[in-house]
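In order, the protein sequences belong to chains A and B.
Just so you know, we're using our numbering here: the first sequence kicks off at -5 and counts up by one.
Just so you know, we're using our numbering here: the second sequence kicks off at -11 and counts up by one.
Just to be clear, a hint being listed does not mean it is correct.
[Stated by the list, open to error] Only some residues are given here: those of chain A computed to face chain B with a beta carbon under 10 Å:
1. Asn8
2. Phe26
3. Phe55
4. Glu70
5. Leu72
6. Pro88
7. Ser140
8. Ser143
9. Cys150
10. Lys164
11. Leu167
12. Leu169
13. Glu170
Hints were generated in silico from the structure; no laboratory data involved.
All values reported here derive from a predicted model rather than from experimental measurement.
Glycine included, every Cβ here is placed at the ideal spot set by N, Cα and C.
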Amino acid sequence: MALFFLFLFLPLVNIKAFQKLFLSVSLGKRVFMLTVVTLMCYAQISKRWTLLYPFVQFAMFTRPIASKEVVYYEYEGLSAGKSPIPFNPTEVVPILRQRRMEKKLHLLGDAVTKVPASNKAALYKQNLTATIGSIGKLYNKKHPHSQISGLRMYKCRFNMDRYQNDSSIKKVLILEANVESHQ
Amino acid sequence: MITKFTNLPLPVNGTARSLGFLRIFIFAIWFFYVLMDPIQDLAYLPLTAEEFVSFFKIIPASYLKVILSEPFLVTFRYITLFFLVLSAAGVFTRSSMAISCGLLVFHLGLIKCFSHLQHAELPLLYAAILLAVFPSADAFTIERRRYDSKRSAQDYSMAVFFIMFIVCMAYFEVGVFRVIRGGTGIFTGNSMKYWTILYAFSDQDYDFNFSRVFFSYPVLFNFVKIGFPVITLLEILAPVALISKKFRFFFIISMILFHVVVFLTMKINFGGMSLLYIVFFDLDKLLSKLSWKVPYAARA
């Protein structure tokens, strides 16, 4: 990675117009810019980038995927009469949109279902139940006229090469949490 | 050839007016960002983060409990909105921009306590920080500031160039890191097909799901597979946009198309990042065409 940075900076610093522009600003601003660039580069290389926040590692779609099985999670609210209500956690907590909520619940869902008998899985299940319950409570606060009393989480999976239509998706209930009404 | 390269001109034109406009534009984006998403919702979620960012690691648990309470988060949100308005409007501009940037860093850090950071938001944050350091308060401000006659035109151009550099560097880092970590396997296998399907099915931000169209016409998956290395190459070449106007035009069009396709298929929203492309245009020329007058300080 460091070598690639060299490929980026070496040509740039050799451009006379850039040198002139860079040297024309005050020393303080030059130091500031160099610090920003150094931190950006270091955060990209370092494994402990969370310490350098707001400078972070820029990485998207970097690990090759061999699996053909697509796994995702779906949610369903339950009214007081136990009839299902469409439920979208991201809609309830919009601050965690942009896949933040999906990823959070996905990681917990995977942790619970991958080795269900382990001690850690029990802990994760407790965690997931608390999270789902909290989202449900917030939903009740935001929807005073359409309260829910429970929330279900389903694990959905299908083979991407054999997908025909939605009936190819296997849907299994993995968790049901009670939801408090918001006072 | 080397001499020809070193003598290349930098296609950048920063002025008090363009930097003032950028200040309004970027702080207005952040204003709507904070306004649209009520951060106080986080008070309802149990704190499960295993990896806090930098300064959150040293905040004692009892303080964190207060910070993550609804009254604190509501107050924090309104204070942030207040300073963002001051920054954009140009009232106590330098101080309000510095405070706004601090509050934005804290805002995104709080979100990170509950999930991951969105890369598309970070160049916008860096741009706001840079505007707070560079002279972006010399035009389009409500306050009457005394114009610093020692200020050279290069100060404005350097600021615009550095924001462009940050945007290009973000793309460059993503592209290079993908090649280093993923190797050729990431492009030859079915990784992109997998992500397209996974994101389309699991993402609940938007109601549409175009991935079903892909299943009806599987040949479309080939376009995704071919497009992936092409886009990665463009990301790696992003810094060329700093020195070549022709490549810059090609790069912006390609990236906007790419972000639109990614939004429609995978529902990943790069809207904020795409809005930052405005920095690649000659804003002063654009504003002249619109006959926008420069209020106060920089009018002299």
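Is the interface hint for phenylalanine 55/A satisfied, with its Cβ closer than 10 Å to some Cβ of chain B? Holds: closest Cβ of chain B sits about 6 Å from phenylalanine 55/A, inside 10 Å.
Proposed interface contact between glutamate 70/A and chain B, which counts if any beta carbon pair is under 10 Å: 13 Å, violated
Close enough to count: is the Cβ of serine 143/A nearer than 10 Å to one in chain B? 17 Å, violated
Report holds or violated for the interface hint on phenylalanine 26/A, using the least CB-CB distance to chain B and a cut-off of 10 Å. 6 Å, holds
Can the hint on lysine 164/A be confirmed by a CB-to-CB distance to chain B that is less than 10 Å? Where the cut-off is 10 Å and the nearest Cβ of chain B is about 13 Å from lysine 164/A, the hint is violated.
Do the numbers back the hint for cysteine 150/A, that is, is its least Cβ distance to chain B under 10 Å? 7 Å, holds
Closer than 10 Å between Cβ atoms is the bar; does leucine 169/A clear it against chain B? Give me holds or violated. 15 Å, violated
Answer holds if the nearest beta-carbon of chain B is closer than 10 Å to that of glutamate 170/A; otherwise answer violated. Violated - the Cβ of glutamate 170/A stays beyond 10 Å from chain B, reaching only about 18 Å at its closest.
Do the numbers back the hint for serine 140/A, that is, is its least Cβ distance to chain B under 10 Å? 18 Å, violated
Just to be careful: measuring from the Cβ of leucine 72/A to every Cβ in chain B, is the smallest value less than 10 Å? Hint on leucine 72/A: violated, closest Cβ of chain B at ~18 Å, above 10 Å.
Restraint satisfaction for proline 88/A [CB to CB of chain B, less than 10 Å]: 5 Å, holds
With chain B as the partner, please determine if leucine 167/A meets the hint condition of a C-beta pair closer than 10 Å. 17 Å, violated
Hint check: violations occur at hints 4, 5, 7, 8, 10, 11, 12 and 13; the rest are consistent with the structure.
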